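Visitor: Spelled out, the chains give:
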Amino acid sequence: MANTSTSTSLPFAPSRVFVHLTLISYLLLALLPILLVFMNSFKSRDAFFNDPLAWPTPETFSLIGYTKVLGRSDVLMYFGNSFIVTIASLFFILLFGAMAAWGLSEYRFKGNRWLKFFFAFGIMVPIRLGTVSILQLMVELNLVNTLTALVLVYVAQGLPLAIMILSEFMGQVPGELKDAARCDGIDEFRIFFQVVVPLIRPAIATVAVFTMVPIWNDLWFPLILAPSDKTQTITLGIQQFVGQYATDWNAVLASLSLAIVPVVTLYALFSRQLIRGITAGAVK
Amino acid sequence: MASVSLQNISKRYGNNEPVLHNINLEIEHGELVVLVGPSGCGKSTLLRVLCGLEDISSGELRIGDDLVNDLPPAERGIAMVFQSYALYPHMTVYRNMSFGLKIHGANKADIDKRVRDAAKVLHIDHLLERLPRELSGGQRQRVAIGRAIVREPRLFLFDEPLSNLDAALRAKTRIELARLHRDLGATMVYVTHDQVEAMTLGDKIVVLSEGHVQQAGTPLTLYQQPANRFVATFIGSPTINLLPARVIEVLEAGARLQLSNGSKVLATVDASQLQVGETVEVGLRPEHCEVLPAGVAPAADDTALDAEITLVEHLGESNLLYLKMDDGQELIVRGDGNAEVRLGDSVIVRAAPSALYLFRADGTACTRLNPGNMRSAHAR
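In order, the protein sequence lines correspond to chains A and B.
First residue of the first sequence? That's 1 in the numbering used here, and the numbers climb one at a time after it.
First residue of the second sequence? That's 1001 in the numbering used here, and the numbers climb one at a time after it.
Hints are not guaranteed to be accurate.
[Said to hold, decoys possible] Ranges of calculated distance between the beta carbons of each label pair, as one might list FRET restraints: (1) A:L35 <-> B:S1163: 31 to 41 Å; (2) B:I1103 <-> A:F109: 40 to 50 Å; (3) B:R1133 <-> A:F12: 29 to 39 Å; (4) B:A1377 <-> A:L115: 57 to 67 Å; (5) A:F121 <-> B:N1016: 24 to 34 Å.
Hint data in this document are derived by calculation from the structure and do not stem from the laboratory.
Since this is a predicted model, take the numbers as computed values, not measurements.
We treat Cβ as the ideally placed atom computed from N, Cα and C, and that holds for glycine.
Given the sequences, and given the hints that come with them, work out the whole structure.
Guide: Right, dumping it as structure tokens:
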């Protein structure tokens, strides 16, 4: 605070005002569309065409969208499909990602660096570039219109980033801790699952959040690999309410609002882990 | 418990210079051996070799009668206490101590008994349900030792276990370690760079430098009869004074030498290898000197050096006097704490011929003929 005398009237520095303004405007930009969807999902069709920016009032309030959406049993199935795909992908990404990261960061072997580079390369190349070949492959394997196809693609998509982030964190686990475990006669698998993984839980939660949201929101691969009635995910299912000539806006807005809820819940669960620094007390 | 034998142990990484050169060492059953040396001397590497965390490039390592070169740490019957304690942060003290045993499928009641017994010995029995982050440094240290004890190893390894503790706690824990060693009767290898720990804890001290064993022996042997200049400078605080000199006469009972300021001194060492005219160094420990006022004439064969006081450190029980001789050589002398001294005073530093050490140009020491006490109170 070099200029204390001149800035005594200001409770905060001008540069901080700028930072906060920027962040607040970004927040509004990100949140307003969601708020708009949420707000209008509780209004009747006429009401949101008359005044889309108004809050629902007792006159305009309507649950017609929700009753329509929840009344259809296939919507629940779409939710189920999205859940299965997201959770299964997440499970395999975290499991294989953490194991690969451990292998790459803990053991020195020939080709270690090249393998790391190969995985890093996966972050740079968008998986959608390979859509045509992926579709061909899935046709060959008879996996079209199965959730397995989606899980496989998402695992491939999520692994590079997961390995990258987790191997950084694995490197920070103190070497003496692993040495101590080896002296205790604990085998490498147990060291990984019972000593290292508990310590990098915050990192695993970070990776989970980063990979979960794009998978839940994805429309591309469900549309191409699993568009059948039985395998649609919620993002694809919502499109049924969007017609070429007429769109059921109540249903679209209601289902969009519903689709946000699970992913926000999962985020809230994981983000508690993000904040926690669990290594405290391991070593001085 | 078991003896340990190292024969020609070498360790190198890739094709680099070895970090350990032909280490030969016998550790007796129940002995506490301290490895000391400056940082980078290989003492921690040697410990990790004993533990099995580093493999041996050549040589033979035996624990008890078993050749353990290729055994993993868990099968060597060792337990190690790390400098950072390396407690599992997400487990309670109880689980930290029992984890290794449980993995090996020991009987649950047996595990419980061992953990509780060890906890009682270490006075941590009230902390068993706590997490490591809720403990103080000293308590974590005990848990780490407890985790080693419950394994009932043949050999304990300590890697600078006290260096993370504050001074008061370090002194206390040091005494407890000594007591623990006596009570368990365990064979222990202890790495430190602190010579007080080395002198007080060790049955035997091994001084390492650049991957070579400089000397192995009891603490008092190392102090009184160092094998070379390195050991003499490493053991003892403040560091031994070294004064360049020339041999002017070789006697049955020692050597007469001329220092660079011209004064002549007698050192009672085995001088049979020395030749007149040879360049040597005289070693004089700060605590073996006496400070006399200028003008007092010391006995005929005593060393007497004229010097001026340039700096004084008052330690209470003694004064550390930093002196400068007329030819510019500096000396450190431990003087009586009750003596009144002033900066700039001229004094005479007196030392008996038997107090002197003598080092040849290649660093090897001449055996002292009348060294001080070398018998430890703990000698078995």
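Visitor: When the hints from earlier in the document are held up against this structure, which numbers fail?
Guide: Going through the list in order, the structure violates hints 1, 2 and respects the others.
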